[in-house]
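Colleague: Sequence:
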Amino acid sequence: MRIAETLARMTTRLHGDRNVQTLELRLFNITCLYGGLTCLVYSLVNYALGLGLSGYAVIFPAGLLLVITYAFARYHSLAHRWFRLLVFPVLLLFWIALIQLWFVNAGTQGGTQYFFFALAGIQMVLIRGWLKIGVLFLFIATSMGLIAVEYQYPHLVRGFDGNDEQRYMDILISFPGAMLVLALVVGSVKRNFDRVYKKIEAYQLEFHEDLTLASNLQKSVYEFDPTLASGYDIAVKVQPSGELSGDVFDVSRPAPERLRIFLADARGHGINASLSAMLIKSEWANLNQSSLSPGRSLWLLNRRIVNRYKDNVTFSAVLLDLSERDLIFCSAGHLVQYLVTPDAIKELSSTGPPIGMLDDSNYYEETLELTPESRLVLFTDALTEQRDPTGQEIGVQWLKELLHKSDLSAQKMLDTILKQYASRLGQSHNKLILADDLTLLIVGPQ
369 MRIAETLARM TTRLHGDRNV QTLELRLFNI TCLYGGLTCL VYSLVNYALG
419 LGLSGYAVIF PAGLLLVITY AFARYHSLAH RWFRLLVFPV LLLFWIALIQ
469 LWFVNAGTQG GTQYFFFALA GIQMVLIRGW LKIGVLFLFI ATSMGLIAVE
519 YQYPHLVRGF DGNDEQRYMD ILISFPGAML VLALVVGSVK RNFDRVYKKI
569 EAYQLEFHED LTLASNLQKS VYEFDPTLAS GYDIAVKVQP SGELSGDVFD
619 VSRPAPERLR IFLADARGHG INASLSAMLI KSEWANLNQS SLSPGRSLWL
669 LNRRIVNRYK DNVTFSAVLL DLSERDLIFC SAGHLVQYLV TPDAIKELSS
719 TGPPIGMLDD SNYYEETLEL TPESRLVLFT DALTEQRDPT GQEIGVQWLK
769 ELLHKSDLSA QKMLDTILKQ YASRLGQSHN KLILADDLTL LIVGPQ
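So that you can map any letter, position 361 of the sequence shown is 729 in this note's numbering, and since no number is skipped, the others follow by simple counting.
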């Protein structure tokens, strides 16, 4: 354990702290350090073997430059800003050194080609954009050209003069050396990936916890007291497309003899829509007064939304007051809703533009007779705009046909609609997976 910790500390000191430096800077440091050391070691070996100045005339100074570059990039406090300026010159230096190494190291027999593979892998990480493809092509073309030159003019390549010991020694150095460089590159990338992946996992866990908390909070805010609807038969289904919903509904009693229902569908989906929904809920709670009619309430709500949030919050809404004998209906750009009676189905169309679009919008009211057998069907657009397995919107015709045949209680009517809805989507009504938030509310006199 202590040995592993010691090695980890040494590696961090040499390569840089992965928690501070970027992957590219760490890989640049690794490339300069080990590439420079390899050049220096190879030069010393050539010198020890008495191969002459031509064996290390370029490689030795290249190694020195690489080690010096490593020192600056590793320990300069502003290296993260300027090291990219040196990426291409460093790769060019490697390219020149490898060309010389090819001719003094027995060409393909000496294993120099392995280093071209290692260098190609390094440049794919260090160079950004389409330029990396050009540099990769340069390395490939260079290696292929050197092989062709070696085959056509073998006398230009210094061999081993029949010395098998030198040949084996060279292969034992070149191949493991190239593999070591590749291992360092892959290892650095892998460790960086693991670090980033762990951060993403931690962020996802934290985000999911926050989302669950927000979802529970939203559910508690949207819950209504069933005693408020005493005297009425009411059933509600809220099915968000995700953890949070962009739909809003509210049930209140503006007067003892009236039940008020507010339904809104915020623009968009997901978190943005859910935040808008919470704003809508808050603004509605502040102005929901018994002295205001549905039309006047929507007019005032629109003014507040436009003045406070400009065009950042827009939504359609339905507001109605029910009594034992009639209902007052008002709609702000909402899709057609339905009043179901034993004799017919009455379409309730929009009586004004969506909330939050125009400052001077007016919302007209429609008063309708309400019988004991009447059922009001309110819903958001997911009920008719969701797509079936063939990719087509399921539309509204199926709902109309179902309502024509229905004389059920609110809960049974809601269950029947949801089962038919799920069937058309090819899903189970207990486990609906939707692209948009769905709210379905059935209400009528009890």
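Calculated from the structure, these hints are not laboratory results.
By construction, the Cβ of each residue, glycine as well, lies at the ideal position given by its N, Cα and C atoms.
Wrong hints could be hidden among the right ones.
Stated by the list, open to error - Derived DEER-like restraints, expressed as beta-carbon distance ranges:
1. 624 with 717: 23 to 33 Å
2. 790 with 377: 27 to 37 Å
3. 676 with 582: 14 to 24 Å
4. 587 with 453: 31 to 41 Å
5. 450 with 758: 32 to 42 Å
6. 582 with 390: 52 to 62 Å
7. 671 with 562: 52 to 62 Å
8. 544 with 504: 15 to 25 Å
9. 460 with 756: 53 to 63 Å
10. 671 with 714: 27 to 37 Å
11. 562 with 650: 10 to 20 Å
12. 791 with 504: 23 to 33 Å
Colleague: Where does the structure disagree with the numbered hints, that is, which hint numbers, in rising order?
Modeller: As far as the earlier hints go, 2, 4, 5, 6, 11, 12 are violated by this structure, in ascending order.
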